[in-house]
Every structure is written in structure tokens, then in C-alpha cells.
Amino acid sequence: MCTRTDIRKYFTECVADPAEIYNRVISAMLSKGLYIRPPYIPVPENIDFAKKQSYLSGFLGKQRPLNSIEISHLFSELQRNLQRNAMCIGFSQVARSEQVQRYMEKGKEIASIHVKTFSSLLMNNNLPVSMTWDSGVTESKISPFSDKLMMQQIRSSNVVLSASYGRALSVVRHDLMVVFLQLQAEILKFLEDGLKIIIENGWFEKPPQAKEHLH
18 MCTRTDIRKY
28 FTECVADPAE
38 IYNRVISAML
48 SKGLYIRPPY
58 IPVPENIDFA
68 KKQSYLSGFL
78 GKQRPLNSIE
88 ISHLFSELQR
98 NLQRNAMCIG
108 FSQVARSEQV
118 QRYMEKGKEI
128 ASIHVKTFSS
138 LLMNNNLPVS
148 MTWDSGVTES
158 KISPFSDKLM
168 MQQIRSSNVV
178 LSASYGRALS
188 VVRHDLMVVF
198 LQLQAEILKF
208 LEDGLKIIIE
218 NGWFEKPPQA
228 KEHLH
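The sequence shown begins at 18 in the numbering used here and counts up one residue at a time.
Wrong hints could be hidden among the right ones.
Derived SDA-like pairs: lysine to any residue, alpha-carbon spacing no greater than 25 Å straight-line [unchecked claim]:
hint : residue 1 : residue 2
1    : 165       : 74
2    : 133       : 154
3    : 49        : 150
4    : 79        : 61
5    : 133       : 153
6    : 223       : 199
7    : 133       : 61
8    : 133       : 74
9    : 123       : 137
10   : 123       : 136
11   : 49        : 123
12   : 133       : 165
13   : 123       : 199
Label-pair distances were calculated between CB atoms; the ranges are [to be verified]:
hint : residue 1 : residue 2 : range
14   : 223       : 152       : 32 to 42 Å
15   : 205       : 142       : 44 to 54 Å
16   : 71        : 157       : 49 to 59 Å
17   : 18        : 228       : 42 to 52 Å
18   : 218       : 63        : 56 to 66 Å
19   : 114       : 230       : 11 to 21 Å
20   : 142       : 163       : 34 to 44 Å
Derived by calculation from the structure, the hints in this document are not laboratory data.
By construction, the Cβ of each residue, glycine as well, lies at the ideal position given by its N, Cα and C atoms.
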């Protein structure tokens with residue numbers, strides 16, 4: 018959405034820097050045996066086109082196996098929620114405000130439900146699921162961050178997760194579309210609840226807005 022050359026250059030750098038960090042992180046995890054590989058499926062030997070409308074169905078009759086796009090969405094969302102679960106556990110332990118603590122506990126509860134949903138869908142198709150990250154959370158009660166920063170971090174995570182669920186609606190099996198719609202609705206409600214807490218505590222900086230014209 019940018020026109021100015023310097024701003025476009027800045028955003029290009031913002032894309033390149035995380036990509037470099039991502040590659041370094043993956044290389045480090047592979048070298049230490051910590052990288053969780055996604056499910057493996059056979060490489061197709063030829064191109065195959067869907068010939069019947071039943072390819073879209075997921076409620077009635079025999080379900081076809083998950084395709085590679087559906088597997089990718091399910092596994093990546095599972096990973097994302099496992100990380101959110103661990104983050105909410107840590108934040109709930111160190112939050113100073115009881116209101117923020119309850120919100121983080123709610124986030125853990127939601128993430129746990131979403132983890133179970135994605136795990137069951139993968140296992141029902143004889144595909145592996147991920148290990149949890151909960152063991153990486155220490156017992157410390159001393160917060161390295163302010164409640165404001167933790168709430169903003171969870172808010173950003175909610176926005177990213179909601180958008181990711183929206184992209185996952187491109188999956189074609191109808192039953193999976195319903196699952197992602199339901200989970201997205203739950204995340205949007207959780208996002209709104211968090212924004213109310215942020216505004217209530219005076220932590221929300223209003224972005225620049227259009228001029229209000231009198232009528």
C-alpha cells in the first residue's frame with residue numbers, strides 16, 4: 018500500500034530480515050535435532066484432476082484422504098497453537114494484573130482446544146502430530162515484560178491466527194471449512210475481549226484517522 022520509494026525499500030528490508038532469521042533458526046534447530054518435521058506424503062507420479070463434485074464433500078459418504086494443502090494448513094495451525102499455549106502459560110504465571118492473568122488462562126484454554134481439534138484431524142488420517150512446547154516454560158513468577166507488552170503480543174498473535182484461519186478456508190473439503198470458520202469465530206471473540214482490556218487500561222494508541230466532516 019506504499020507509494021514513497023523509501024517506505025517501500027524499508028518494508029522490503031522488513032521482509033528480508035525475518036526471512037534470514039527464520040533460515041538461521043531452522044538450521045540451528047536441524048543441527049540440534051529439535052526441528053519438528055511436517056507430515057510426509059508420497060510424491061505424486063502424475064497429474065490427477067478431480068472428476069466428481071464429491072471431492073468437495075466431507076460430511077456424507079466416504080471421505081477422501083487429506084490433500085497436501087489441507088495437511089499443510091492443519092499442521093501449521095497445530096504448531097502455531099502449541100506455541101500460543103506455551104506463551105499463554107508463561108504469561109499467566111507472571112502477569113501482575115489479575116485481569117490479564119485470567120485473560121492469559123483463557124487463551125491457554127482456547128489454544129488447548131484448537132490443538133486437540135487439529136491433532137485429531139491429523140491422527141484420523143494416520144498422520145503424525147507435534148510434540149508440545151509446554152516443558153520449556155519455567156516456574157518463574159518474575160515477569161521480564163510488562164502486562165501491556167504481553168497483552169499487545171497476544172493481540173498480535175490473535176490477529177495473525179485469525180488471518181491464517183481465513184487463508185485456510187481455501188481448503189476444499191467442506192467439513193474442514195466449517196472447522197476453520199468455527200475456530201476463527203472463537204479467536205475473533207477472544208481478540209475483541211483482549212482489545213477491551215487494552216483500552217480499559219489505557220494501553221491502546223489510536224492510529225491516525227480521517228478528518229471528520231460536519232454534515
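Using the beta carbons of residue 205 and residue 142, state whether their distance is inside 44 to 54 Å or not.
Given range 44 to 54 Å: violated, Cβ gap about 28 Å.
Per the hint of 34 to 44 Å, is the separation of the Cβ atoms of residue 142 and residue 163 within bounds?
The hinted range 34 to 44 Å holds for residue 142 and residue 163, with Cβ atoms some 43 Å apart.
Is the gap between the beta carbons of residue 18 and residue 228 within 42 to 52 Å?
At roughly 19 Å between Cβ atoms, residue 228 and residue 18 fall outside 42 to 52 Å, so the hint is violated.
Pair hint residue 123 and residue 136, alpha-carbon separation not exceeding 25 Å:
The hint holds at about 20 Å.
Are the Cα positions of residue 123 and residue 137 separated by 25 Å at most?
21 Å, holds
Sort out whether residue 123 lies within 25 Å of residue 49, counting only the CA atoms.
Distance ~33 Å between residue 49 and residue 123 Cα, so the pair is violated.
For the pair supplied as a hint, residue 133 and residue 153, confirm whether the alpha-carbon distance does not exceed 25 Å.
20 Å, holds
Could you see if the CB distance from residue 223 to residue 152 stays within 32 to 42 Å?
40 Å, holds
Within 25 Å, alpha carbon to alpha carbon, are residue 133 and residue 154?
20 Å, holds
Within 11 to 21 Å: is that where the Cβ-Cβ distance between residue 114 and residue 230 falls?
Given range 11 to 21 Å: violated, Cβ gap about 39 Å.
At the C-beta level, are residue 71 and residue 157 separated by a distance inside 49 to 59 Å?
Since the Cβ atoms of residue 71 and residue 157 sit about 53 Å apart, the hinted range of 49 to 59 Å holds.
For the pair supplied as a hint, residue 133 and residue 74, confirm whether the alpha-carbon distance does not exceed 25 Å.
23 Å, holds
The structure does not agree with the numbered hints 1, 6, 7, 11, 12, 15, 17 and 19 stated previously, though it agrees with the rest.
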